[in-house]
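Starting from two chains that each stand alone, build the complex the way the hints lay out.
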Amino acid sequence: MLPAEEDVPAADAPTIVELSPDDVLRARTEAVAKVGIGRDADHLLEVRGLSTHFYTPDGIVQAVDDVSFDVGYGETLGLVGESGCGKSVSALSIARLVPDPPGKIVAGEILFDGIDVLKLSAEDMRKLRGKEIGFIFQDPLTSLNPTLTIGYQIGEAIREHLGLSDKAAQERIVELLSKVGIPRARERLKDYPFQFSGGMRQRVMIAIALSCDPKLILADEPTTALDVTIQAQILELIQRLSDEFSTAVLLITHDLGIAAGMCDRVNVMYAGRIVETGTVDELFENPQMPYAWGLLDSLPRIDDIRGERLRTIDGMPPLLIRPAAACRFNPRCAYARDICRSSEPGLTARGNGDHMARCWATETEGWIA
Amino acid sequence: MATNQQAIPATAVQTRQSSGVWRDAIGRLRKNRLAVVGFFGVCFLLFLGVFGPMLAPWPYYAQDTAAVAANGFKPIPPFQDPSHILGTDGLGQDMLSRMLDGARISLTVALVVQLVVLLIGVPIGALAGWYSGSRLDNGLMRFTDVMYAFPDLLLIILFSVAFRETAFGQAMNGLLLVFVAIGLTAWVTVARLVRGQFLSLKEMEFVEAAQAIGVSDRNIVIRHLLPNGISPIIVAVTLGIPAAILAEATLAYIGVGVQPPRASWGSLIAAGQPFIRSYPHLTYLPGIMIAAALISFTFLGDGLRDALDPKLKGKQ
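Sequences listed follow chains R and W, in order. Start counting the first sequence at 10; every next residue gets the next number (my numbering). Start counting the second sequence at 3; every next residue gets the next number (my numbering).
These are calculated hints, taken from the structure and not from any lab test. Among the hints, erroneous ones may be present.
Claimed, not checked - Which stretches of chain R does chain W cover? Using the computed rule of at least three CB atoms under 8 Å from a CB of chain W, they are: (1) 132-139; (2) 164-170; (3) 255-269.
As the list claims (entries may be wrong) - The list that follows gives simulated cross-link-like pairs (lysine-lysine, DSBU-like), each with its CA atoms no further than 35 Å apart: (4) R:224 x R:136; (5) R:113 x W:204; (6) W:204 x R:136; (7) R:188 x W:204; (8) W:204 x R:176; (9) R:113 x R:136; (10) W:204 x R:128; (11) R:176 x R:199; (12) R:199 x R:113.
Where a beta carbon is used, it is the ideal one built from N, C-alpha and C, also for glycine.
For reference, chain W alone in the conformation it holds in the complex (with noise of 0.2 Å):
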């Protein structure tokens, strides 16, 4: 054998193609139309979260109050003024600008809410499947059903009312508590998805197989499950993140959280809706932001979703 090796001249031999787990997945998310469009929705998105505020042609809270007063001190619908391409509200701030300040907000909610998620649901999740059937699953699990029961929203509030005067409550003006809130209500889902991904790949062979050379619960957990179980948990967080930015819009829409002078989409429309008849820029750009978001994200996690079942390998 050694000898046939060093006979074959370096370029007969054909370097072998890694196709992993994850190169598989691409290529099957590469096939789905919509799924490319979610992508490149998310990433335009991100490059408006990212670099909007520099791009944008004025600051978020900059009133342009000679163009207002030009206009009769009314809100400037788009494509009138040149120097406001997608209008003004009442106080002259530039739709475009503070739109694009929005995105920031909504990519941060998607970051923090969805962090806060899996800092919480997996561990819980782990645990309760990993010790099943014991006090401690039994404990976490009714712990996991009674957060699911309670009213999110109204959990939200009292968690944000609660904490409002605290450094935390004013970190990222006031944000960041009501982004924590948000994921605090949000992790159940994922707790539960993790605990019933364990409950089954705890049964595999190679767990067994690991216990038998000597590996720690920790390491196996860890090392041998969680990467197993990682594709639902991907999934669920790309399609938590819709339901983080629409949560975020509606707590703006009736007041809690990003205050003026910053806004999110949510507050936004929450701005505008009384001027709807007269001036729906107002209303309905933000809410296209938002629509196009939520579809991006969607998309992208439906495709992720079929992409990384490995039972449609091969399909489609």
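Pulled out of the complex, with its shape left as it was, chain R reads as follows (with noise of 0.2 Å):
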């Protein structure tokens, strides 16, 4: 699982046949290798202290904390966390689509390809969402209208923003579907989605993000809702196709697995912070925050004893409502002293330069070596 492994020689060009995840880490691999892909390129997408909060009858929840991260071209960028840390909430507002009310984008600057799309018009971001950013979402059964067929709803963005003609853009929607893998595309573009099998219409939906050539397309949980098989097919297929397009994507999950296999840099989120950020190898193998090392160990392993629990972090996430002025893992954290506390730590750099973490224990001066 982990991306440390190099002895075993890489696969071929990959087909759809099933493929594991370590398969998929192996191409990815290669493909990095290959095009140079990573720390070095210009950045696609920057994101600069981002915080999305939600007016809620209870109080303000800040979902997302004063965030900050970049998307290289082409790169594969990973945001990993709990549920309700704020992954979600990151990726909808790059797209401008959290919900207002209650949410609302308080502050920070979101630079997609140099333009600043928190200061565009809502015209202007319609024209943006879809054609320069795709979207995929983590459950395929709802997110097709039952009552479209799948050709109309491939179309749809094709028919909003590159104004081709009818004949050309039924070319490119059977080409489309052909490229996620749908047998006698053709003939399946009058189906309605109640037609297609879960994985399916998450090939779709994968054709409809990518179906305007977007640079950048957000992935939030793209495999959540399907068996495992299908799960690695899906990935696989994303990551193909944004090779071969060279779309930079934004994953958001919470499958450690999934972000070994295929991301380029992972991010760290916890309850609305990053907590931190590195690329795969380093924060796989060398975690920098009690929080990443709780999460890795809770991964189910080959060689755990059948019948044992797995390993959990205790406690909760904590609400996100006034948080306190301190580590906010600190409750559930077993290394936690006094600084923890009363002050929060920031996002402070490890070894080199591109990983960083924020965690007072991890510091040079701090008592974890």
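This is the structure:
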């Protein structure tokens, strides 16, 4: 599962047949080595100090609090964390799809390809969505309109943004549908979503996301609703097509295995904050934050003893209403000391400049080596 | 895969049965005996409305003075005179012919009123539902409430009287005006229904998905929400038809709307009522027609409601 093993020779060009996450990982590592996607590329997306709050009757929920990250051109960035840590809201904020009310982006800057997304008019934003930024949702069963044909729904963004003739649009729809691995694509255009299985519907969603050749795809837990076999296929498909279209992907997941297999870099989020960020290799080999250890530790392992309970992180994520000025993980942290309860650590570098963590204990003068 | 497909002989490839929403619904409708009865009743009525005046033995205005004179200037009861199977009224006008013409009026009511209802109710409900919570929603819904609270009959009468002299008021022998007036009071239910539909539909994920690919609000409402909310609208419209027919009959009974020599079922009842003891056929014949029309449309509407409810799928 971990990206360290390089002893197995890389697989050939992946096909749509099932692939294990390790195969996916290998293909990915190769692609990165070949194209050199990664840290030196200019940033397609720059998120600076993003704060998104929800105004609820109980108070202001600071779902995303001062979050900054970059996504390079063609890069795949993972956003991992527990439910409710602000992953999805971050993605929705980028596309400005946070439901308002009750949500509101209260601070920050989102530069997409040099455009300040938050300053765009609603109409300009609409033109950006689907054309430059694709979105893959969690549940393909509910994200497709049951009353419209697959062909219509794939063609929707094309018609809305590209202004192709009906015939050209039709050709592109067929091409997309075959690209995502739907057999007899032309015949299936007139079919309705209920005639497709869950995996096929997610393929259709991917075709929709890619329909206008976007620069960035926001994939919000794209495989959560699918079973494991289909999951691997869908991930492989996203990976292959994002390479082929050189599309950057912001992959939101709570599955560290997926993040390890798919991403170039990973941000770990906790309670609306980024608590650790780094390349996949560093983060998985040398995590610098007790929360990340906990996440890694709670993964089921092949050598686990049968019948033993899986490990968990004790406690619950904190409420995001008026968070205290303290490390947000301290109530659940086995290593917490007084400083953790009285002031919040900054996101500081660990080792080389790319790996950063938010933890007093693993700072250079901290108490964990 | 591709090579396999080539190998399969054409006959072996089954053409997939398209089993769409509508197919399923029709299948369920056909199993509902009352709905089938209603459906045929409605078809029969449609047939009468379209072709009735051609089949009628007499023009609706014709007075067979010779026949009534022979009957002592009294209405001829049914099955007495072979040229007037259902009898005549006191003026010698053939009841069958007048009722067939009345069917056309009733059908026009059904169409025009429901058209007005759809044209007003759906856009208002859609706007209010899509922009729910906004000032627009508030304004539209309070207006709807006011219309709902206003006495229908009074509004229709006021409206009819106010526009009676205009070209619009004269159109179709004054009938169009009455129909539009009925429609103007009937759209509120549909508006509320559509708004309610939209309130729940716009929270669906496919709406968010459509927004995420930059579909305009207009297209989301028209292409995504309306088709999903169409079933209850169809049911409401079907069930609204008998209400409209009844409203027209009520108005005709009190003398608003269709004017002699033309007659709707309602005005036939009104005309026959003074003689209800001696010549009951003048009242009960058009009464039977009204009842039959109401029951047919109601059965069909109820059946459609059950058939179009996906939650009932597979039951019955």
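Against the structure, the hints come out as follows:
1. 132-139: holds (count 5)
2. 164-170: Result for this restraint: holds, n = 4.
3. 255-269: violated (count 0)
4. R:224 x R:136: Given pair residue 224 of chain R, residue 136 of chain R holds - Cα atoms ~14 Å apart, limit 35 Å.
5. R:113 x W:204: holds, 19 Å
6. W:204 x R:136: Holds, because 21 Å separates the two Cα atoms, which is no more than 35 Å.
7. R:188 x W:204: holds, 31 Å
8. W:204 x R:176: holds, 31 Å
9. R:113 x R:136: holds, 21 Å
10. W:204 x R:128: Holds - the C-alpha atoms of residue 128 of chain R and residue 204 of chain W are around 26 Å apart, at most 35 Å.
11. R:176 x R:199: holds, 15 Å
12. R:199 x R:113: violated, 39 Å
Consistency note: the structure conflicts with the earlier hints numbered 3 and 12.
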